Amino acid sequence: MSNRVAIVGIGQTTHSGRRPYVNDGELIYDAVTKALADADLSINDMESVMLGNMDLFEGHSLNDAMLNLYSGAAGKPGFKMNTGGTVGSMMAIQGWYHIASGLYDLCLVIGWEKHDEGPATPAISTITDPAVDRPFLVGAIGGLATVSVAYMQRSGCKLEHAAMVRANASQAAARNPNAHMREIYSVEDVMKARMVMYPLNLLMCCPTSLGACALVLASESKAKKISKKPVWMKDHVTVHVEYGGAQFGIGEKRWTSHMEAGAKLFKRNNITKPMKETQVFEMYDPFAFAIPMWLEDFLICEPSEGWKLIEKGALKLEGEYPVSPSGGVLCTNSIGDSALLRVAEAALQIRGDAGEHQVTREVKQALASGFGGSFWSDLLLLSKTMD
Amino acid sequence: MKPKVQEELIYLDMTLKLPFKWRTGETMGEFFRELKENGILYANQCPTCGRAFCLPKTVCTRDHTRCTERSKWIPVGPKGTLVTFFMAEQSFLLPTTGEMLKIPFAVGIILLDGAMVTLQHQLEETDTEKIKPFMRVEAVIKPKEERKGNIYDIVHFKTINE
Amino acid sequence: MEAVKKEPVLFEGYVIMPYKYSVGSLASKFFIKIRDSKVLSGAKCPKCHMVNFPPRSVCPKCFSKVEELVELSGKGKLETFTIVHYESSVQAVKPPYAIGVIKLEGADTAITHFIGGVDYKDIKPGMKLEPVFKAKRNANILDIEYFQPA
Chain A
1 MSNRVAIVGI GQTTHSGRRP YVNDGELIYD AVTKALADAD LSINDMESVM
51 LGNMDLFEGH SLNDAMLNLY SGAAGKPGFK MNTGGTVGSM MAIQGWYHIA
101 SGLYDLCLVI GWEKHDEGPA TPAISTITDP AVDRPFLVGA IGGLATVSVA
151 YMQRSGCKLE HAAMVRANAS QAAARNPNAH MREIYSVEDV MKARMVMYPL
201 NLLMCCPTSL GACALVLASE SKAKKISKKP VWMKDHVTVH VEYGGAQFGI
251 GEKRWTSHME AGAKLFKRNN ITKPMKETQV FEMYDPFAFA IPMWLEDFLI
301 CEPSEGWKLI EKGALKLEGE YPVSPSGGVL CTNSIGDSAL LRVAEAALQI
351 RGDAGEHQVT REVKQALASG FGGSFWSDLL LLSKTMD
Chain B
1 MKPKVQEELI YLDMTLKLPF KWRTGETMGE FFRELKENGI LYANQCPTCG
51 RAFCLPKTVC TRDHTRCTER SKWIPVGPKG TLVTFFMAEQ SFLLPTTGEM
101 LKIPFAVGII LLDGAMVTLQ HQLEETDTEK IKPFMRVEAV IKPKEERKGN
151 IYDIVHFKTI NE
Chain C
1 MEAVKKEPVL FEGYVIMPYK YSVGSLASKF FIKIRDSKVL SGAKCPKCHM
51 VNFPPRSVCP KCFSKVEELV ELSGKGKLET FTIVHYESSV QAVKPPYAIG
101 VIKLEGADTA ITHFIGGVDY KDIKPGMKLE PVFKAKRNAN ILDIEYFQPA
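Residue numbers (the numbering used here), protein chains in the order written: chain A, 1 to 387; chain B, 1 to 162; chain C, 1 to 150.
Please keep in mind that the hints were generated in silico from the structure rather than gathered at the bench. Misleading hints may appear alongside valid ones.
Stated by the list, open to error - These stretches of chain B come out as covered by chain C in the derived footprint (C-beta under 8 angstroms, 3 or more residues):
| no. | region |
| --- | --- |
| 1 | 11–17 |
| 2 | 26–39 |
| 3 | 75–86 |
Said to hold, decoys possible - In silico EDC-like pairs for lysine to aspartate or glutamate, Cα to Cα no more than 16 angstroms straight-line:
| no. | chain 1 | residue 1 | chain 2 | residue 2 |
| --- | --- | --- | --- | --- |
| 4 | C | Lys33 | B | Glu8 |
| 5 | C | Lys20 | A | Asp55 |
| 6 | A | Lys229 | A | Asp353 |
Stated by the list, open to error - Over the 12 angstroms line for every Cβ pair with chain A, so calculated as not near, a few chain C residues:
| no. | residue |
| --- | --- |
| 7 | Glu12 |
| 8 | Ala27 |
| 9 | Val39 |
| 10 | Asn52 |
| 11 | Ser57 |
| 12 | Pro60 |
| 13 | Lys61 |
| 14 | Ser73 |
| 15 | Tyr86 |
| 16 | Val93 |
| 17 | Pro96 |
| 18 | Gly116 |
| 19 | Asp119 |
| 20 | Asp122 |
| 21 | Lys134 |
Computed from a predicted structure; not experimentally measured. Note that beta-carbon positions come from the ideal geometry of N, C-alpha and C, so glycine has one too.
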């Protein structure tokens with residue numbers, strides 16, 4: 001049996017659209033020092049350091065060469081990773097592997113992006129086939145608009161439901177001082193936004209943000225010694241899906257990698273009623289249809305029930321099953337840290353430290369997800385208690 | 001870290017330019033040969049799950065079966081249904097050629113008749129009022145002498161009334 | 001069963017991406033000093049007093065935040081060098097040219113820059129160098145045209 005792993009330090013920068021007074025390294029340093037302060041540890045205590053962001057998004061590749069100084073990785077093991085939108089959740093999972101292996105007791109994981117400095121869509125286009133897909137620059141939105149159309153067709157979900165999702169997210173982000181887009185929008189405001197790619201209008205798409213997030217992970221013996229409020233990383237699943245882009249079939253009925261991730265995680269942890277046995281879900285929700293569609297695909301609710309939960313107001317911060325109470329990716333998307341923020345925010349909810357956006361329900365177990373890049377799904381289960 | 005007074009901040013403006021080569025592999029090579037020589041779009045079929053791919057794939061990503069058997073190739077399109085689309089309103093450097101994108105530029109996600117996965121290509125229509133999801137479209141293929149065996153052998157997709 | 005046996009198609013293209021890089025608050029001050037007063041400066045760690053040139057806002061030795069710039073004389077010593085003959089599209093100047101690793105007086109770290117104002121056969125490790133600034137300066141590292149023998 002592997003070592004148990006706990007989150008003992010959480011740090012994030014504020015998120016914004018532009019931040020010219022810091023360079024990449026200084027941005028990371030801000031998150032790292034906050035996470036270390038939260039854990040009451042120093043950089044010398046860290047035994048391995050890992051860094052994640054999107055290659056080429058800032059025009060750099062292998063940027064750990066430049067950034068080890070600021071991340072604190074110098075003289076320690078670790079690596080830099082790029083798995084697209086799942087970078088952040090993969091960072092948390094890689095940190096888990098380091099500690100679960102028994103080789104390390106304390107590990108620092110960092111995700112970051114400085115989205116204002118490079119061309120996101122040309123950079124995303126470089127993940128696709130140069131002979132057939134790249135000239136059309138569809139980037140991330142092509143596949144997401146396509147599956148949104150398919151979801152509307154099969155479930156009865158309407159544009160208005162996606163607008164409700166975005167309006168709820170804006171209410172949540174307004175209460176989160178670290179979120180990027182904190183303006184409050186009504187359902188009518190969202191419906192009036194310019195269409196970008198049917199059925200996704202501008203407000204139903206995530207923004208381009210910059211920011212960084214860092215977590216300190218610890219082994220069981222260490223966590224019990226140094227932390228008053230460890231959050232246990234109980235389990236996690238990663239599932240890949242076939243080549244995405246816009247070639248994702250319209251005929252695909254469900255998001256299969258999410259389904260497989262949900263099925264595995266819930267079975268392994270004997271969870272039969274996810275909405276009862278977990279109390280909050282920080283979902284990687286890069287477009288407004290993601291919340292209703294993926295609640296179904298993760299097998300958290302029944303098919304075609306997702307949008308009905310939105311209609312009932314069940315997914316709001318004070319609702320029966322709060323989803324993305326931080327405002328989610330819809331309000332803050334600095335890609336390299338987006339999925340790590342999901343883990344960080346879920347852990348804050350368990351600790352009761354989410355401040356103004358703390359959910360009203362008592363949180364014993366929380367879910368966090370990551371999605372993106374090569375169309376992967378990551379699903380993590382965090383818990384207040386070890387067993 | 002926010003400075004108290006407004007200060008001058010330096011940033012650099014740079015352009016990354018990396019040349020690359022890309023070989024399509026035999027399957028896409030065959031697709032482009034058919035397009036160039038006969039002007040026909042082909043889908044290939046997975047012998048295990050029966051799904052038809054246009055653009056063709058060498059291996060079915062679901063079953064990991066080789067889909068290279070040529071007799072299983074089926075002509076698809078050139079008509080199809082528009083699933084969704086976007087319009088580029090701002091020009092920027094194309095990552096593949098280094099030229100500025102000519103706007104207006106509309107891209108559609110299209111499900112060709114007979115295919116089970118979508119493909120993306122340029123739309124002839126650039127008036128957003130006239131582009132409707134689920135409208136019928138048809139590939140406009142260049143005359144034989146102009147075809148080069150690449151994706152630009154399809155000029156664009158035009159709107160058709162059906 | 002006839003498998004596809006045709007030539008693959010070869011595509012040649014470019015990945016071209018414009019991008020920006022914010023140097024940050026401290027490095028902005030460093031570049032502005034070069035542009036406005038032709039003065040080189042290093043970042044001094046408040047805790048261990050290490051001086052980084054070019055400046056870094058985090059001390060590589062003790063991970064402290066560095067906010068102070070100290071002015072340097074600009075004079076330094078050549079540690080090592082090479083002469084570049086190979087030509088590529090990304091070079092700032094046309095070959096042949098000399099680049100060296102130069103450690104300035106009062107700094108604990110070195111910089112890579114051009115060496116000029118000297119016959120290439122006379123360049124020797126250990127030689128004393130000083131910066132030559134361009135007349136028109138834009139607040140970047142090429143405002144120093146090259147280092148020449150002092």
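For Ser73 of chain C, which was marked as not at the interface, is the minimum beta-carbon distance to chain A over 12 angstroms?
-> 25 angstroms, holds
Verify that the Cβ of Val93 of chain C lies farther than 12 angstroms from every Cβ atom of chain A, and report whether the claim holds or is violated.
-> Since the minimum Cβ distance to chain A is about 22 angstroms, Val93 of chain C lies beyond 12 angstroms and the statement holds.
For the region 75–86 of chain B, do three or more residues have a beta carbon lying closer than 8 angstroms to a beta carbon of chain C?
-> Not satisfied, violated; 0 residues make the cut.
Taking the shortest Cβ-to-Cβ distance between Ala27 of chain C and chain A, state whether it exceeds 12 angstroms.
-> Ala27 of chain C not clear of chain A: closest Cβ-Cβ about 7 angstroms, inside 12 angstroms.
Classify the label on Tyr86 of chain C as holds or violated, using whether its beta-carbon is more than 12 angstroms from each beta-carbon of chain A.
-> Tyr86 of chain C clear of chain A: closest Cβ-Cβ about 22 angstroms, beyond 12 angstroms.
12 angstroms Cβ clearance of Lys134 of chain C from chain A | Holds, since 24 angstroms exceeds 12 angstroms.
Looking at Gly116 of chain C again, its CB stays over 12 angstroms from all of chain A?
-> Since the minimum Cβ distance to chain A is about 27 angstroms, Gly116 of chain C lies beyond 12 angstroms and the statement holds.
Asp122 of chain C remote from chain A - nearest C-beta pair above 12 angstroms | 34 angstroms, holds
Restraint check for Lys20 of chain C with Asp55 of chain A, where alpha carbons must lie at most 16 angstroms apart = 14 angstroms, holds
Per the stated criterion, does the least C-beta distance between Asn52 of chain C and chain A lie above 12 angstroms, as a non-interface residue requires?
-> Violated: least Cβ distance 9 angstroms, not greater than 12 angstroms.
Would you assess whether Pro96 of chain C, listed as outside the interface, keeps its beta-carbon beyond 12 angstroms of every beta-carbon in chain A?
-> 28 angstroms, holds
Given coverage of the region 11–17 of chain B by chain C, tested with a Cβ cutoff of 8 angstroms and a minimum of 3 residues = Since 7 is at least three, the answer is holds.
Of the numbered hints listed earlier, those contradicted by the structure are 3, 7, 8, 10, 11, 12 and 13.
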